[in-house]
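Chemist: Use the sequences and the hints to build the structure in full.
When you line the sequence shown up against my numbering, it's residues 166 to 243, in that order.
Note that these hints are calculated values from the structure, not bench results.
Bear in mind the structure is a predicted one, so any value in this text is a computation, not a measurement.
By construction, the Cβ of each residue, glycine as well, lies at the ideal position given by its N, Cα and C atoms.
Be a bit skeptical, because a hint or two may be false.
[Claimed, not checked] Simulated DEER-style distance windows between Cβ atoms: (1) ARG173 / SER200: 30 to 40 Å; (2) TYR171 / LEU202: 40 to 50 Å; (3) ALA227 / LEU202: 30 to 40 Å; (4) GLU189 / GLU234: 26 to 36 Å; (5) VAL197 / ILE225: 19 to 29 Å; (6) ASN167 / LEU202: 48 to 58 Å; (7) LYS218 / ASN174: 22 to 32 Å; (8) LYS196 / GLU242: 43 to 53 Å; (9) ILE225 / TYR171: 29 to 39 Å; (10) GLN222 / ASP170: 18 to 28 Å; (11) ASN205 / ASN167: 27 to 37 Å; (12) ARG182 / GLU206: 37 to 47 Å; (13) ASN199 / GLN222: 23 to 33 Å.
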Amino acid sequence: MNDIDYIRNLIVENEGRIRSIEGELSQEEGKVNNSNLSENEKQTIEQSIHALKQRKQDYIIAIETLQNEMRQLENKEN
166 MNDIDYIRNL
176 IVENEGRIRS
186 IEGELSQEEG
196 KVNNSNLSEN
206 EKQTIEQSIH
216 ALKQRKQDYI
226 IAIETLQNEM
236 RQLENKEN
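Modeler: Dropping the structure here:
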């Protein structure tokens, strides 16, 4: 496996992680709308949502970085 293939695999893995996080986000966002929650429970869920959104953003940045590296490697090969 060459470097470009390795980077492609990392991108696919990170995209999978993003999809997983999006599923978790959907669940947490559904919970926060429950009117039976106490303020503490609601705040805990909102913190979880914020953390998930940050993790998602981190993976998006990682993918962008990997895509840039892949382009640089492709340009060197051409």
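Chemist: Taking the hints in turn, state whether each one holds.
Modeler: Cross-check of the supplied hints:
1. Distance hint check: the CB atoms of ARG173 and SER200 are about 46 Å apart, inconsistent with the given range 30 to 40 Å.
2. One distance hint, 40 to 50 Å for the beta-carbon pair TYR171 and LEU202, holds here, with the actual separation near 45 Å.
3. Checking the proposed 30 to 40 Å range against ALA227 and LEU202 shows it holds: the Cβ atoms sit about 33 Å from each other.
4. In this structure the hint that GLU189 and GLU234 lie 26 to 36 Å apart at CB holds, the actual value being about 28 Å.
5. Separation of VAL197 from ILE225 is about 23 Å and conforms to the stated range, judged on CB atoms against 19 to 29 Å.
6. Remark: the range hint 48 to 58 Å for ASN167 to LEU202 is upheld by a beta-carbon distance near 51 Å.
7. Judged by the Cβ atoms, the range 22 to 32 Å given for LYS218 and ASN174 holds: they are separated by roughly 25 Å.
8. One distance hint, 43 to 53 Å for the beta-carbon pair LYS196 and GLU242, holds here, with the actual separation near 48 Å.
9. A hinted range of 29 to 39 Å for the beta carbons of ILE225 and TYR171 is inconsistent with their spacing of about 20 Å.
10. The supplied range of 18 to 28 Å is met by GLN222 and ASP170, whose beta-carbon atoms lie about 26 Å from each other.
11. Restraint check, ASN205 to ASN167: a C-beta distance of roughly 52 Å breaks the suggested window 27 to 37 Å.
12. One distance hint, 37 to 47 Å for the beta-carbon pair ARG182 and GLU206, is violated here, with the actual separation near 27 Å.
13. With their beta carbons about 26 Å apart, ASN199 and GLN222 fall inside the hinted range of 23 to 33 Å.
In summary, the structure is inconsistent with hints 1, 9, 11 and 12 from the numbered list given earlier, while agreeing with the others.
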